[in-house]
Amino acid sequence: MSPVLDVRDVRLRRGARDVLRGVTFEVGAGEVVALMGLSGSGKTTVLRAVAGLDPVDAGRIVVSGVSIEAGVPRPPAGPAAVQVGMVFQFHHLFEHLTAIENVCLAPVHVGRTARDAAAATARRLLADLGVEHRQFALPRELSGGEAQRVAIARALALDPPLLLLDEPTASLDPARRDDLGAALRALAAQGRALLVTSHDDDFVRAHATTVLVLADGAVVERGAPADVLTRPQHDATKALLTGTRPRTIS
Amino acid sequence: MTRRLALGAGVCAALVCLAGPPQVLAQRAQGAPSSAPFLWGGDAEGGAPFVEADPKDPTRVVGLDVDIATLVAHALGREPQFVQITFTSLDQSAARGDFSLGLSGIEDTPARRHALAATIPYYEFREVLTVRAADRPRFRTLADLGGRKVATLGGTIAYELLLAAQRDHGIAAVSYDDDVHPYADLANGRVDAVLLDNVLAERSMRKVSGLYTNPDAVAVNHYIGILGPADTGLRDRIDDILRAAMRDGRLEAILRRWNVWNADQPPFFAHVLANAPVGGTPIPETTPVSAIEMTRRYLPSLLTASLVTLALSCLSMALAVLCGAGIAIGRVYGGAALRLVLTAYVEVMRGTPILLQLFVIYYGLAAVVRLPAFVAALIGLGLNYAAYESEIYRGALEAVPRGQLEAARVLGFSTGQTLRLIRGPQAFRFALAPMTNDFVAMLKDSSLVSVLTVMELTKQTQIFATNLGSWVIPGALCAGLYLAMSLPLAHLARRLEAAWQAPTAS
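So the protein sequences, as listed, match chains H and F.
Residue 1046 is where the first sequence starts when you use this note's numbering, and the numbers rise one by one after that.
Residue 370 is where the second sequence starts when you use this note's numbering, and the numbers rise one by one after that.
Read the hints as simulated data drawn from the structure, not as lab findings.
Since we're looking at a predicted model, the values are computed, not measured.
Certain hints may be false.
[Claimed, not checked] Between beta-carbon pairs, the in silico distance windows are:
#1 F:Ala687 x H:Gly1110: 45 to 51 Å
#2 H:Arg1062 x F:Ala859: 49 to 55 Å
#3 F:Ala680 x H:Ala1115: 57 to 63 Å
#4 H:Arg1276 x F:Gly704: 51 to 57 Å
#5 H:Ser1084 x F:Ala859: 44 to 50 Å
#6 F:Ala705 x H:Ser1084: 48 to 54 Å
#7 H:Ala1284 x F:Ala713: 52 to 58 Å
#8 F:Leu858 x H:Ala1220: 34 to 40 Å
#9 F:Gly785 x H:Gly1110: 45 to 51 Å
#10 H:Ala1115 x F:Ala859: 53 to 59 Å
#11 H:Asp1102 x F:Arg789: 29 to 35 Å
#12 F:Tyr702 x H:Arg1062: 26 to 32 Å
[What the hints assert, rightly or not] Stretches of chain H that chain F covers, calculated by requiring three or more beta carbons in the stretch to come under 8 Å of a beta carbon on chain F:
#13 1095-1109
#14 1134-1148
#15 1267-1273
[To be verified] Simulated coverage check for chain F against chain H, where a stretch passes if three residues somewhere in it have a Cβ under 8 Å from a Cβ of chain H:
#16 621-635
#17 729-738
Virtual Cβ for every residue (Gly too), placed ideally from N, Cα, C.
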C-alpha cells in the first residue's frame, strides 16, 4: 500500500541558505510521524513545503497521488487540491468568524457542501475534540487550547487524508498535552496520516509511531521513538535530549 | 459689484470670520508710510478695474478705487495704506473697524446703509443682460428667459434680481464666486444669460467672443464707500472731498483713466452735487428686515442646501469607497505596471489641491464633456477622496495577518475567495473608523464645490450672512446643520465598532 505522503529528496533554498538539502521520508495511513530538531533545522519548512506554502527547488512531494514538484505550478484552488489539513502553531483562525463558522467556511465555499450539512459535520468535529460548547465564540474569546482544537476541526473539515501540525504542544500544559496526544492517535486510528513537529520528547515518546530527527535541513536519524530517543546516535538528537532544550517557535 | 477670482476665498473668509480676525495683508498703496497712515480696505483678488495687484509690481495695488482712496487720503493730509479684505467680509470688517474706509466697487443697498455709515455714491452702473450673439433676438429681458439658467455673482444685487426673476419668470438663478466663469459658461452653453454690471460686462466682452450685451439697464445702482456705523464725522468729511472731486473734474479724470467714464455719469454727478436723490432701481428683498424675519425667510433654502450637501457627500463617498477599494485591491494584488499607475494616481490626487481638480473637471474638460455642476462636483470629490480611501483600505488589507491568508490557501480558497470571505471583511472593520472620519470631512469639504455653482450649505449660509450683515445667526445655524449631519454618523460608527469588539453572545 502506497504511503499517504511521499517526500523524495526535497531541496529548498531561501536566499543563499540551503534550508532543506535532500529530505526523504514517507508517512502512511494510521501513522503519527514526529519531526524533531533544533530550531532552524527545517522542521516547519518541511510542513510548509508539504502544505504547498513554500515552493521546493528540487525533489518531489506526493500527497495521495497529487504531486508538488519544482517548477510545476500548484494545482488550482479547489477541493481537488486539498489533500492536506494544516494546524499552525498560532492557529491563524479567521478572527471575524465564530468557531463553527471557521470550520464551515471551506466546506461551503471550497467543497460546495450545503450549509446545513457543513454545519452538522462541523458540530460533530467540534464535539469529537471537546469544544462544541464554544462553537459560537469568536477566536479572541477562546483559550489557547480551545483555539487549537477549533483549528484542528477546521483543518479536518474537508476530510484530508494528511494532517500537519506545527508545534501543537508549545502552548499546552502537561494534562492538555496528553489529551491532545490521545486526540491525534484517535485521528490516526481513523486512517489518517499525521505529521507533527515537536520539541517535546515526552509527547513524542508517548504518542508518535515514528520520529524523524532533522539537522541542517536533512534527516539524520529515524525510527521508533522508543529506540531513537532512548539510544540517540546522532549529536543533534543528543542535543535535543539534554537539559538545555531550546523552545522553538518557528 | 464683487469681483473675486479667489477660488473659494469667500468660503475660507466666512470660516475665518466665524473664528477670529480676518487676514489683514497690509500693502502700501502709494508713497512712503507716514506716522498715521489712512487705512482703507478692499479686495484685490481679481479686482480689476477697481483694486488689483499692479502687474509691474505685485506689492502695490492699482485701480480706480485705489486712486479714489489716494485722493481722499491726501485731502485728509495722510498717506493711504491698503488692507486686503475678502469681498464678502468687507461689511463686517468696516463694522469692526479694521480700516477707516472700504472701497471695492461696493453696491449701494438699503441694508448696507442701515448697518454702516455710507458715503455719497461716486459711480453709477447698470445691471445688463449678456447673451450668446445667436440668442440676441429671443432673449431681450429676464422675462424671455423662463426655464433658462441665468448666472451672476453670489451675494449681490444682481443675484437678488435673479432670485426675484426666479419667482416671477421661472428662470434658474446660478451663483458664481467670480466674474469670469459666468461669461465662459455662457459661451460654452452651460448658462443662457449673465446679469452683471456694465463695467464687468464690457470687460468680459473683450475677452470672450460670440456674446452680445443688451445695453438696456435691468437695474441701475451706484458704488459707495463704507465706514463703521459710528464714523459719521469722517464720513461727512469724505463726502465733502468726493463732492469737490466731482466738481473740479478730478473724479472724472480717474474714471476716464480706468475707461469706465460714460454718458451716465454727468447727469449722475449733477444729481449728487445738487443733493438730489440719485434714484436707482428699487432692489427686491434688500429692504432692512429684522434678523428673525430674515432667518425665517432663509431657513427653507438653508435646509434645501443641507440636503444638497448631504446628497452630494453620500454619493461622492459611495464613489470614493468603490474607486478606493478598487485602487487598494489593485495596489495589493496587481502587477508592477498596474501598481505604478495606481500609485501615481494616488500621489497626484493627494498632492494637488482639490479646488484645482474641481476646476479641471468642470471647466478644463468642458471642451470634451460638459458635465452638469452637481455631477462634476460628485466626480471631483469622489475621485479625490478615492485616493485617500484607497490608502486606508490598502493599510487595512495589509493589516490582516499573513497567517490567516496562508491558512486560507491551505484550505483551498482561491485568491478572490480569500479576499471576499476572509481578508475583505476584516479589512473593512479596520477601515471603518478612519472611513467615518473621512465621511465627516467630506461633509465639510463638500462646501468647496460652491466654486462650481453648486448651492450647498456653506454657500447658502454665506449669502444669508452677506444679506443679513452678520455672521452670528447664520454661523450658528450652519454649524448646527453640519453637526446634525455629522454627529449621528460618528455615533453610528462608534456603535458598529463596539458591536464588533464586544464578545458575541452564544
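Report task. Please flag the earlier hints that this structure goes against, numbers listed from lowest up. Result -> As far as the earlier hints go, 6, 8, 9, 15, 16, 17 are violated by this structure, in ascending order.
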